[in-house]
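Enquirer: If you want the building blocks of each chain, they are given just below.
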Amino acid sequence: MASFVHRIEVHYSKDPREKTRTERIRALGFGIDVLQLVDVYTIATVKRDLLPAELDEIGARLTNPVVQDFVVDEATHALFDYAIEIGFLPGVTDNVGTTARQMVEDYLGITFGEGEMVSFSSLYLVRGRLSPEALAQLPATLANPLINRVSTKTRQEYGETGMDRIIPEVRLHEIPAAGIVDLSLPDEDLLRLGKEGISDPQTGQRRGPLALDLAQLHAIRNYFDRAGRKPTDVEIESLAQTWSEHCKHTIFASAMDDDVPKGLYKSFIQAATNEIRAEKGDRDICVTVFTDNSGAIVFDDEYLVTHKVETHNSPSALDPFGGALTGIVGVNRDTIGFGLGAKPCINVYGFCVGDPASEPALYRGRDRKNPIISPRQILDGVVRGVGVGGNCSGIPTPQGFCWFDNRYAGKPLVFAGTVGVMPREHNGQNLFEKKAEPGDLIVMMGGRVGKDGIHGATFSSEALDPNSPVTAVQIGDPITQKKFSDVLVKEARDLGLYRSITDNGAGGLSCSVAEMAKECNGCHVELDRVPLKYPGMAPWEIWISESQERMTLAVSPEKSAELIDLCARRGVEATLIGKFTGTGRCVVEYGGKTVMDIELAFLHDGLPKKHLVTRQAPVAEPAVGPLPPCPDQLGDTLAAMIGRRNICSTEFVTIQYDHTVQGGHVLGPVQGKGRVQSVATLTKVVPGSKRAVGLSQALFPSYAELDPYRMAGAAIDLAIRGLVATGISPESIALLDNFCWCSSDEPERLWQLKEAARGCYDYAKAFGTPFISGKDSMFNDFSGYDAENNRVKISVPPTLLISSIGIHSDVTKAVSLDAKISGDLVYVIGTTEEELAGSEYFAFLGAGGSTVPCLDAAAARVRYLRLSDAIAHELVSSAYPVGHGGIGVALAKVAIAGRLGMDITLPGALRPDIFLFSETLGRFVVTVAPDHKRAFEQALGADALLLGTTGGSRLRVTGRTFLFEQEIATLEKAYKSSFGGF
Amino acid sequence: MPSAHAPPSQRLIGEKALIMSGYGINSEMETREALFRAGMDAEIVHINDLIAKRVSISDYRLLVFPGGFSYGDDTGAGNAYANRVRNNLWDDLLEFLDGDNLVLGICNGFQILANLGLVPAFDRSYVREIALMPNRSGRLECRFVTIRPASDTIWTHGIVKILCPVSHGEGNLSCSAETLQEIKRNRQIAFTYCRDDLSPAGGEYPYNPNGSVEDIAGLTSKDGKVLGMMPHPERAMEFTNLYDWPLLKEQMRRSGERIPGESLNMAIFKNIVRYFE
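The listed protein sequences correspond, in order, to chains A and B. The numbers in numbering that gives the first Met the number 0 rise by one with no breaks, and the one at position 959 of the first sequence is 958. The numbers in numbering that gives the first Met the number 0 rise by one with no breaks, and the one at position 120 of the second sequence is 119.
So here's chain B without its partners, still in its complex pose (with noise of 0.2 Å):
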């Protein structure tokens, strides 16, 4: 797919990601370029090109579902693309995720993820085990949260918060007691809504934004190669993305701070390149 401009030259690591588009997915692009400004080439493919076999998962090591209204939610958010990965691609799917490779699904991407049981897979088996049931006030939520993680892990190390997009109807994630027991006891949880001085929100609207249980916003598979989100980090790579930059900007400046241009967000897509590094 041709690229809407041409990206930033810096030095890109060999490894390449793949992000899925198609059906309604919608945020491939800024995706494609968070991963570029991290140092990660990345080539957005539409699934119908990989149930064709014109393209080849195996040629990457990244599969990045990213966020959007596939399907315009219908039947569910994320539900008839996941369907539509498991009819056609599922071997594909399977082969890759036996690689040393990792697997990332942004809101959309999350949710088709939990549909294909890719998180939290406990073992092999891949079946569904977390639901992302529509947010409590019954309809989307866009606005900024602060998330900050839960453990360490690949994706989220040497972060202490990220200040980040949602934007969702259908983010509140829901499980048994005893799936929640196991996730935890396996430290999946990736990152936590919060309040602005990192307390936990505790449920409490807004801070969390969709009654989401313990307050998850992230997830990881048991393995730790797979993660699944609901905020949006790549919606807010610069400093002057931030919801409150130019209160931010003011108290830097009068204590002579310097203004940065990058967000912390992009730790995430940093953290990534590491590993492939």
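So that you can see chain A by itself, here it is in the shape it has in the complex (with noise of 0.2 Å):
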């Protein structure tokens, strides 16, 4: 309990950015004059108060005094009508916080003590007159109700003493000992145990979903019958972590109908990895795959490099900034913890949200409780949330997208990946190699375990409710996670200083160090020895626990204090936990007790196997009729096109990003002088090599209820099809699959899954790039109530991204996308059919009708090879992959970038505006020096067009007659304009 509390608050002079800031408040409708900030630390010691000459010593280090002032234990005078103070609820993440302990304590030599802290909060002054309606709002775009604390106080109110001085201090009065789970119950009350969570002895609560079926609770009943004992809740808790979909992915493990006894993973996922590795024989790229956190390719001789993507949906539904936030330092561990530590290269991002200008008003909770967060606040959210993590670890993130559609405002989709990179051997071991050890330590390394994460692997295999646990939420830290990272890929890998490694994620200790006692088969963990945020947390918790930024290893006994020294030299907290054992069993202590004692064999293999049956699902036709006629003003129809979320640029979001840490930009997220968004780019990851990463991502979902067989080919057409328009070979290419379904219990949707996994067995097969990691969420659907009290469903399209990553093996020959040279040709490469279904233009048009866009991948392949063959030789000046909203928008991007014009002659048989948008796969447009015309038509025979030439300031199109022409400049301001002011 602190004794002492002191409040120090700073602000600016005249702070830079009260300007925008005031904006963006203006610009969501709340009619304020200012909107000034006031940073606050609130410092609680219990052993001795501070001084005055000390508190006025730490203000002047809290502050700059150049540009900021600072009072102690007084309250910030300004012009303003409110104070809303927003600080963080007991328990949360509070970097700023920590960093001014850190700093207080190095001034004063001292340590903090149990209930010593410094607390951060915002203290925002509002001038302005607001409606009582306005000013209960305000608060609600600043802070976030599962994380945040309020404090308001108008000008009166606030007076001369300000605001009150509050530590958010964690208070827990658990008994922190094991209990025992009676399974002998009717189904009924189990199946409420699987739902709900065990009911808390002391509460009479639950304690949150297990998300066990009726089923696993019978296998897991059996299991201790046989035992002649009850289980823990430790035991149950972990078993529920360890079996979750989140983890074991049951619905792609599990047989299908009668033709995919196998399960599609097996059957359709690596079987298509495992036939095209055959099939390359020495030619094979592929390392590690799908055994690891991260799959892993060749890069060259000496360094493979490795990728992996994750999704992070439900905790940025609630929280989007932490959700996003601790989605991508999450990946950043898959990275560290693949093989023995890769280095994170590059972060990727994607988000799927629900359209920014509309307010859906839709809740968890009957009579307006708990509304969900508007889509506006969620992009705002989760594109801040990647920027800080990718940002503060050092990692660059040059490649993403965002996708709109108003069936991801319930559930947003959250998409994070990264690439590393690692010599493949080092002093002769194979550095992609890890084994534990029977009597190796098991050492838990970073943060400290709270409260936080409790039940976030069994929570995102349900879909969201009014029961979603709020301590689900987590705020990321990137910058403890970071010092860990430094330590372990940049200094104790190389020194040899532990046997094997795996991240903390999903079920944290509990699934980390089963998961690697497989290695060894066996681990014995005494929990009282993991280091805690504060006192009074149940064993269960501590087990299951997510909090972030940890990673587990183990470390044979003689290496033990070299490990530890050299991670209390970097200021990174590294604890012995326990052994690994060779016993057959994962055997948790706590309190001199054995709370916990499963064999392996069935804590990992005693998941009762389903067998699921699909029912084929009638396709989702928008409004079939007759094509409408082609548009009077092609012109402005592409302006239009060119203008709508899904095709336009989004380089607010780039530019916040980092993109060009560690020194290996090659081909950004925007090129040309117009700044177009690219949709791969290149990254050069060791220095002095010629080579370089490439990466791309590619998503369909407008077509997933159409077809979601060639939904899948879409994808992983334009994912390839994005690299080689680098000039990156097919033959170095992988992939990895995302998919995001939603109600996969239903037979409808699970055959649109069979369907869309069968497409990329096919396509992959057919383009000869292996799958080489992929990960799956199942459930993203929101079921809540509209305004009026009815019940809302709102589930994601199916969404299946595919992200491919591939190896450029000179960057000097690389192409970007933007039209160079006044006198170009202007090539389309691929032939145009009719192909208009689930496409940007009809939805433009309301339209519906026509086929989704099917591939010939065989003839493809030979394409892409000649192109990327064609690029090596140095023959094209700017290659782009026709994507979304076809030939077109493709030209308009090819010229914007390049603020070059075009004059163009569109070929026969189709309607103009039916060449100009149909969304064929396969296709790029190209442009080629003349001196090079014949040597590129010789390269790429009959698949080559020619459309024209670039030069002057307009797109100029004829078809049989003249068409249109359109200022180079009036496009890209309808390219750019969508997203003013984000």
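Rather than coming from a laboratory, the hints here were simulated on the basis of the structure. Treat the hints loosely; a few may be bogus.
Using 25 Å as the maximum straight-line C-alpha spacing, the simulated SDA-like pairs for lysine to any residue come out as follows [unchecked claim]:
#1 Lys247/A to Ala214/A
#2 Lys18/A to Glu203/B
#3 Lys812/A to Glu256/B
Taking beta-carbon pairs under 7 Å as the criterion, some of the chain A residues facing chain B (in silico) [what the hints assert, rightly or not]:
#4 Arg16
#5 Ala59
#6 Asn63
#7 Pro64
#8 Val65
#9 Asn94
#10 Arg100
#11 Met102
#12 Asp105
#13 Asn429
#14 Ile478
#15 Lys481
#16 Thr659
#17 Val665
#18 Thr811
Coverage of chain A stretches by chain B, computed from C-beta distances (three or more under 8 Å per stretch; other residues unrestricted) [unchecked claim]:
#19 390-401
#20 712-719
Here a beta-carbon is modelled for each residue, glycine too, at the ideal position from N, C-alpha and C.
Take each chain as given, in its own frame, and dock them per the hints.
Expert: Structure follows, in structure tokens:
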């Protein structure tokens, strides 16, 4: 209990951000005059009070005297009408508070003890008259009730004394011991146990979802019946984590119908990879697939690169900033936890959200309780979260996308991925292999354990509903992670200080330790040793907590002192928490008692098998009708198309993300004088090498319910084609799959899933591009209420994100997307069909009919080999893969990027608008110097169709007769204005 | 700290650089690479190893505070790391500054130098005279900028312009009118943000990406031996790291010019090496 509390308030004498901050709040509809910001540090000590001189000195250290002032234990004086202070709730990660505490400790030469802390809060001083409703709503735009505390005062209430001194101290009154769970219950009670969790003996409240179904609970009951005892709560919670859909991917692993007895993963994803690797033989690019925390391919003779893409959807729905931040720093750990530790070198992102201009009135509870966060606020939060995570970690974030569809309003999708790089061997040891040995010590490294993130894995395996646990929300601490990341991949790994490593993600220690225990066949953990953020946690909570920024290592006893000493010198906490064994059991001790003792075989493989049944879903055809006539003003149609949310520039995201750190920028997220967003990026990851890593991503959610098989083909094709356009050969490309599905207990949705997985197999095989890693998230549904208490369910469209990674063999020959020189020839590579179902053009027109693009992948592969070869021979000046919006949009983007006009003649048969906006796959727009005409046409053969030349300031398009001309500057404005003010 | 790769075999001068690391500094590897390529050996040293006296600053001639997000920019960018230096290494640092040595701070390093008072350092009292405030946009800006030297210094000698990335949330240089007067009188402005044609940015976004007074992008100490700059020359060492290299390459090829391998940005690091040679 804190005895002495002081408050230091810091403010700018003239805040440079004041104007933009005020404008952003005004843009959200609050008629305020000015929004000032004061930084507040509340310092609580127990052992002794701080002297006034010390507080003055601390204040000075928290302030820049050139531009800031501070007050100690006084109210900041300013001209305002309302004061709103936003701090964190007890136990929520407070990074600024932690830094301030370290500064105070460093200055005073002391270490803060229990109950002592510095907490940070933001005091907003609002000038302007607000209606009572607006005043009530304003804090909601500045704070999130799940993680923040808010106190509001009028100027009068603020008076001379200002705001109150509040210390967000965690106080727990739990009995820190394991409980016994009785599973001898009727099925309906068992079901409730699985759905709502174990009933807490003290409070009588349910502890939150286990996400265990009846068959699983029966299997657990049978196991403990055979063992002749009742399970502990630690054991039940642990099994729930390990068996969760999130961890075990039961839907992808289960038999499906009669034709997929081995399940989707083995039959379609793994099989494609295995068969491709076998066919390629010596040319196989894979190093590690599916088994480790990331997948890995060969970079060159010396290095390998890893890639992994994760989703963090459910947490981002509740706290967009914290959810996205945790997502990106979490997947960074999948890199650090690959092999013996790869260095994170590129981040990627993807956000699927509702239209930010919409404000759907949806609630998790009845009577307008617990409203969802608006799409605009979700977008702002997730954009900021991934940015802070990557920027603070020193990892460039060049590649990513935003996708908008109102079916993401209930649950956004947040994709976060990381590429890593590591030498293939060091001191004669393969760094991509690892193995814990019996007798090795278990070391937990990084942050401490608190109640944050409890039931994250089981919760994300369920749809979001009123009972979604708030402790599932976490906030990342990238600096804590950066510190141990540097120790591991820049020092300890090459010193050989540990034998195995994995990250703590879903399920926390319960999953990381038990997973590593497979390597040596057993583990013995002493939970009392685990460092905690605050006292009073129950053993089951310590075991499954998902508190962020932690790794688990296997360290041989003779190396442990050196490792722990090194960590101490780097300001990293590393603690011995037990031992790996060879007993075949996972044993956990707490307070001198065994609280868990389960056979590893049951823990990992005792999960009852399922047999899933699918039913063909009806095609969700949008209103079928006659094709509307070709618009008269096609130039205006093109301008409207290029301004559509899913086509236009989202550069406001790009510039917030550091994409040049580590010095590897080659082809970035925006290209050309006109700054157009690229489909693929190219980044050097090994200094001195000519090689670079190409990354791209593609998704076609609008095709999903029309033809899920072709949707998968489209995503695979565009992800590959993006890389080919930079000059990467299809031979060196690998893929990652992220399935984000909905209602995956419905046979129709499972049928769509099966079709998409079948498409993955067929197209990956046809292109010869193996899958190296993947992840699925199966219940992206929102169930709640509208304003009139009607039950509402919103499901995301079945979404398959395909990410591609490829190695460019010589960056000096890479090409960007922008048209460069006046007089160059403009080609489209690949034929165009009338394929408009699910297209951006039909969405724009509100039209239906036509078909989803269907690709001849074998022919496309030959075309891609030829084009990458032509690029390697420097015959091509620019290349762009035709994607959403078709050739019209692609031509406009290439022209805008080069700020260079084009004179284009459309070929014969198709109606002009159909030729311009059809989304036929397999195509590129390229520009070629006239000198290279013959060589280029020879190289590409019949696939190259000459459309015209570059030059002037307009895009001029002719069909049989003149069609339109449009100033490039006008198109550029249309391309860039949709997200003005973001 | 072990190297991520073998340095290119080339002649290195005898003097060595110390590159600070730890607590969220993140550009130490590419900074070392840039110095290697210019011809200077460099070691990355964790600040705690200096505090524990496992390594001594006096063994080096160049001290570099590289870019990064030390302490996550909490309590003001560079502030917490500067406090750690001031609390634990101040005497060693003063001794180093008194010798014939150089100090370079890039981005977060500049913010640390500003908080330590090492720039503009009108005298040896090292008080804070300038602030690198949050960008006017209120968020991080990552983009390529053009900067040009504003005076002939050890660091800028022979440079016409540099095209390199900025990536910071707090680079908006502010100081009192008197301080600005004195900085200008002493010719301490090393680099200013400018347009492509080298005309002044005039505070206009995005040429001046943060709102910095007088378009200041870099500043030296009065004695010229300390340079702090927001842009990152070490992030674009090669021609193919530049924003517009694909266009430049195409133009050069058609006019028969040789395509360079290195970028102009290496000139800063070569100037450092030249100073010690």
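Enquirer: All hints, please: hold or fail.
Expert: Hint by hint, here is what the structure shows:
1. Lys247/A to Ala214/A: holds (15 Å)
2. Lys18/A to Glu203/B: Holds, at roughly 16 Å.
3. Lys812/A to Glu256/B: The given pair, whose Cα atoms are some 16 Å apart, holds under the 25 Å limit.
4. Arg16: holds (4 Å)
5. Ala59: It is violated, given that the least Cβ distance between Ala59/A and chain B is near 10 Å, above 7 Å.
6. Asn63: Holds: closest Cβ of chain B sits about 5 Å from Asn63/A, inside 7 Å.
7. Pro64: holds (6 Å)
8. Val65: holds (4 Å)
9. Asn94: holds (6 Å)
10. Arg100: Arg100/A check fails; min Cβ-Cβ to chain B is 10 Å, beyond 7 Å.
11. Met102: Holds, because the Cβ-Cβ distance from Met102/A to chain B comes to roughly 5 Å (cut-off 7 Å).
12. Asp105: holds (5 Å)
13. Asn429: With Cβ-Cβ at 17 Å, over 7 Å, it is violated.
14. Ile478: It holds, given that the least Cβ distance between Ile478/A and chain B is near 5 Å, below 7 Å.
15. Lys481: Holds: closest Cβ of chain B sits about 5 Å from Lys481/A, inside 7 Å.
16. Thr659: OK, holds: Thr659/A within 7 Å of chain B, min 4 Å.
17. Val665: Since chain B brings a Cβ to about 5 Å from Val665/A, closer than 7 Å, the hint holds.
18. Thr811: With a closest approach of 6 Å, the Thr811/A hint holds.
19. 390-401: holds (count 4)
20. 712-719: It is violated, with 0 qualifying residues against the three required.
Violated hints, in rising order: 5, 10, 13 and 20; the structure is consistent with all others.
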